[in-house]
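Enquirer: Since the structure of chain A is already known, use the hints to place chain B on it.
In the order they appear, the protein sequences are chains A and B. Counting in this note's numbering, the first sequence runs from 1 upward without gaps. Counting in this note's numbering, the second sequence runs from 1 upward without gaps.
Mixed in with the good hints there might be a few duds.
Computed cross-link-like contacts, DSSO-like style, restricted to lysine-lysine with a CA-CA straight-line distance of at most 30 Å [unchecked claim]:
no. : chain 1 : residue 1 : chain 2 : residue 2
1   : B       : K365      : B       : K432
2   : A       : K222      : B       : K571
3   : B       : K553      : A       : K222
4   : B       : K303      : B       : K287
Have a look at the derived ranges for each label pair, beta carbon to beta carbon [what the hints assert, rightly or not]:
no. : chain 1 : residue 1 : chain 2 : residue 2 : range
5   : B       : P568      : A       : N325      : 54 to 62 Å
6   : B       : K546      : A       : N325      : 34 to 42 Å
7   : B       : R549      : A       : K320      : 55 to 63 Å
8   : B       : Y423      : A       : P568      : 33 to 41 Å
9   : B       : P125      : A       : A648      : 28 to 36 Å
10  : B       : N545      : A       : R522      : 54 to 62 Å
11  : B       : P568      : A       : I517      : 33 to 41 Å
12  : A       : G551      : B       : K228      : 31 to 39 Å
13  : B       : P218      : A       : G538      : 34 to 42 Å
14  : B       : S512      : A       : A155      : 24 to 32 Å
15  : A       : K323      : B       : R137      : 14 to 22 Å
16  : A       : A155      : B       : R137      : 44 to 52 Å
17  : B       : S512      : A       : I517      : 57 to 65 Å
In case anyone wonders, no lab produced these hints; they're calculated from the structure. For each residue, glycine too, the CB sits at the ideal point set by N, CA and C.
Single-letter residue listing:
Protein chains: 2
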Amino acid sequence: MSKPDTSNPEKEGLSRREMLGTGLTAATVAGAAGLLTGTAGTLALSGSPAKADEVEEEQAKITVLPGQLDEYYGFWSGGHSGEVRIFGMPSMRELMRIPVFNRDSATGWGLTNESLKVLTEGLTPATKEYLASIGRRTFENGDVHHARPSYTDGAYDGRYLFVNDKANTRVARIRLDVMKCDKITELPNAHAVHGLRLQRYPRTGYIFCNGEHRIPVPNAGKFLDDNKKWHSIFTAVDGDTMAVAWQVMVSGNLDNNDADYKGKYVAATSYNSEEGLTVADMMAAEKDHICVFNIPAIEQAIKDGNFEEVNAVKIVDGRKGSKLNVTRYIPIAKSPHGCNATPDGKYLVISGKLSPTVTIVEWDKLDDLFAGKITEDDTIVGNLEVGLGPLHTTFDGRGNCYTSLFLDSQVVKWNLDEALRAYKGEKVTPIKQKIDVHYQIGHINATQAETKEADGKWCVALNKFSKDRFINVGPLKPENEQLIDISGDKMVLVHDSPSFAEPHDATMVQASKIKPIEVWRRDDPMFADARDWAKKDGITLESDNKVIRDGDKVRVYMTSAAPVFGLPQFKVNKGDEVTIFVTNIDSIIDLTHGFTLVNYGIAMEVAPQATASVTFVANNPGVHYYYCQWFCHALHMEMQGQMLVQEAGV
Amino acid sequence: MSKPDTSNPEKEGLSRREMLGTGLTAATVAGAAGLLTGTAGTLALSGSPAKADEVEEEQAKITVLPGQLDEYYGFWSGGHSGEVRIFGMPSMRELMRIPVFNRDSATGWGLTNESLKVLTEGLTPATKEYLASIGRRTFENGDVHHARPSYTDGAYDGRYLFVNDKANTRVARIRLDVMKCDKITELPNAHAVHGLRLQRYPRTGYIFCNGEHRIPVPNAGKFLDDNKKWHSIFTAVDGDTMAVAWQVMVSGNLDNNDADYKGKYVAATSYNSEEGLTVADMMAAEKDHICVFNIPAIEQAIKDGNFEEVNAVKIVDGRKGSKLNVTRYIPIAKSPHGCNATPDGKYLVISGKLSPTVTIVEWDKLDDLFAGKITEDDTIVGNLEVGLGPLHTTFDGRGNCYTSLFLDSQVVKWNLDEALRAYKGEKVTPIKQKIDVHYQIGHINATQAETKEADGKWCVALNKFSKDRFINVGPLKPENEQLIDISGDKMVLVHDSPSFAEPHDATMVQASKIKPIEVWRRDDPMFADARDWAKKDGITLESDNKVIRDGDKVRVYMTSAAPVFGLPQFKVNKGDEVTIFVTNIDSIIDLTHGFTLVNYGIAMEVAPQATASVTFVANNPGVHYYYCQWFCHALHMEMQGQMLVQEAGV
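This is chain A alone, in the form it adopts within the complex (with noise of 0.2 Å):
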């Protein structure tokens, strides 16, 4: 864990624009740099392009100039800020943060009706009961490892993003056409949601959910003593419905997975097949292995009424030694990490992280091995070492390979044909180039790479420590996620991006294939319950301004229209419970408002056309002030009102 020597420009692996950087302050850049002949309107070219330097021409292919558009969308696991982002690829700028299992201050994710609906409905009743006893409803942390767009047919298809929370046991999905977290299910039986991928055809369909730990099933407080009886849990979850779908209990420690590019089978790879709880007993072993699931045969299983139910899931045995044909077991190096299909919809490329390996499986073999006429060992179509710490793999469509190294802080490009080859005993070098990433990259992901549309152009190296790499910010240090051109012979670094708090893994997707819409619909069932309440309450939501009692609990509706809430005041009396509608009026791209209720703790974002509501019991007594925070309006200042809170008695 020893920081890596940078100090020799001249070290293998270290590219040719870091040699260049080397020693060169920004300033000495600034005013030495850049001075290409042109003429005002075209970028007209002079001088010999045998010449041309490789670090200005990179950052040309990086920048965005102001007023030009990002050619991807990059989605963005947030690790343990518990949300997801978006970003404008090759910019690298961050867009957008989608709060999903994090509070947010800004658009009142977590206290607004619309956002506790998502978070708590798909809680289990064990959950529920948990933190109602410690007076909350929600959990204020995740853990997203993954964000994965849906699928028809092996590519992507803009209707949804789906997420995992390993830190609380839950799957999320985001509606890419409002950019918003529209359901959460918390996974019974299983325990920390590790790899989440998507069935890639016909379509998504199902997520596939890693159950990292082994737990007692169910987790009641039995067996807390004896973890020969706990189990990992593999997890399908409806990608329609958001309900768990069935679930396979499985030997080992589920770590990543992936699906095939014909609905047949999902792989996971999996450490600790030792099922020890040292970190000692799970390295025993010297070979662990992966997972395959047969998804007909599981679907079939539980037609024939092979499962067990707990807590409302039917649960199908796919341990070692079942007697169902739902899983097979394939012996792998030591704990095998990353678990990526080649999007010739081939292969599937297991890392080996503490063995230097990478291994290569073929999807087709698969019906012979659930057949019984080979052995596991015969699925293996090679087997190639690449360095120390391999985590994961990503693809440019074009036969190559990349594979990012953990302990050699380096990304290898190799050759997936020369490797099949070599395994068959052919003098081939299937290793293209190593480059050195800033420092101990973990995942790994090019564009368009997880689909049968693998666009080989940009790659993203994620990067757990940045150490020296940006001026000192204390202790805590950001992330580095590296930017790699991909589109050549060979890779290029070309742009160091600093992240908090993580970037855990990264999907980027060609801009054609998503398109939100500007402004919301006032149909849209994100604000359901707020026009059932309207219509209870004999209101219109769109023009109506008015406060409803209805014994302590008050409703107070209101519009709002740049620079103006409707309701300049209301009164409420001490010990109400109050909930306000707000519905942006306004249909204008952008004009988003907000609503801040001072010394209330309490605020909420409004875009346009839509309705946001938030409840809470009126106990602070006095004045308060509520105002827009989103800026609307020259007089956005001005737009506020007051709550005026009567004490009993005064």
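Expert: Same frame as chain A, now just chain B:
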């Protein structure tokens, strides 16, 4: 609020850069640009500088190549996100988020005992009572308007960063040695802190806080229907203790403020001199005012006992007509907004908002004003028409001012000396240049501009709308921070940077001024309480791994050293109140550990050599894993343990 026309690239005000950019896709630029002649290792130049292309030249200036460092820290006030962000400049990369008023999923801000102490101990008794009545300990949102680094003699001294929360009327301090918030103070009697600036001389000193809204003082349920008895309150907080030093009751709503360079005066813009409640009432008068506070006079009034004590704070009457000589009200055209001291220490520039003018006040004339020798109008030494919707002004240290124009969506550059001469009748043209920004600019700030060391290199335009400037991310759009090069005769717009809710304001500081530590000191006050508990329990935090039972309270002490927690497992009973102390005994830079407890909603950061702790009730029975969520080692994923929660009677 309609979308500005950008279809015609010849339109006046569009920068040359934008004209070049118009119609070119990033791919086109990538293919055509960047062929600079040069040799590896040095950026030798050929070709005539006269042919230099502005686009390339400017892009090279803001390019901070991989491995290079930025020249400035940018301290971004994250608006209603409730956080502070650290940027690297000129690369405009977000290096770190500092949670302040918000909850943070990754670091456990708002969940750990250390952060809860910061968030709760400065709340007023009334707020504590209110929050307790609804089952909470803290507010969970904030609206950070201004982030300002501490001064010694008019220059940044690198000690602290101070920020204000408009939403819940608080002020916070961030330690710049560790980049963490260590104190939060709620201001009693005031309502919504809008403007915040610092005492510049001899040092900070006072934090000057504008209470924006008029409320009853105290706000305890009286005078709800009689807003003539409502008041705005100006507060000075002691930056060393973070206690409220004193307050001044004023006329009108306070907006922004700024202090002089001599430690004598602070001035605040004020709207709604009418003291109305609706937009129409607030707009009735032709003129509003700035309120000037005489700091020595206020201190003297308090010494003399000329104050009223409300909620344990001394309030001096500074309203219009007060007999105390502590304030003066200088009439200014309707609804003045920005309030910015020039770096030469001589002037204060007031931006007109609803008037197309900036008004210049001379600090040194204020002595005579308070002495009754001159009138309020005599302190005004300039009044320049600059464009529609002037909001804020910043400076380059070479005598030029840059004012944001909200309605025009432009930045106007004007010369201070010429503006003063024009006011005296001289025929000069102070306006030097206008450029378009995109869209609806609010704050603007330049490097070091608020110190006597203003260096005039970069300027950031913080625009409230982005509309069509980025690929579409749905109804909620990012704001747009634009970087402007102000080092030359002409402003040049060089970069669009999207931002999430929001960049309210930003301050940029030369990197050499800030010297954070890399690893926590074991005697840091941030975890003093943990040390106290350890002492009581006979525990050495840095080496002991023990569980202490104390009735139904359980204290769990463990170390973390990659890749192992000191305790692999511990057992508690359902219903126990459990406190877990984790001490990171790794001292390698960037080796932060985390502690996440699965299905318990608990996660916290433990940076190198820090201790963090969390207290919860173990009401969720069964086996619960804890794991390190801050990637630390090749066996990071195996860094885990189990909390066994015993159900009574099982």
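Enquirer: Flag every earlier hint the structure violates by its number, smallest first.
Expert: Numbers 4, 5, 6, 7, 9, 11, 14, 15, 17, in rising order.
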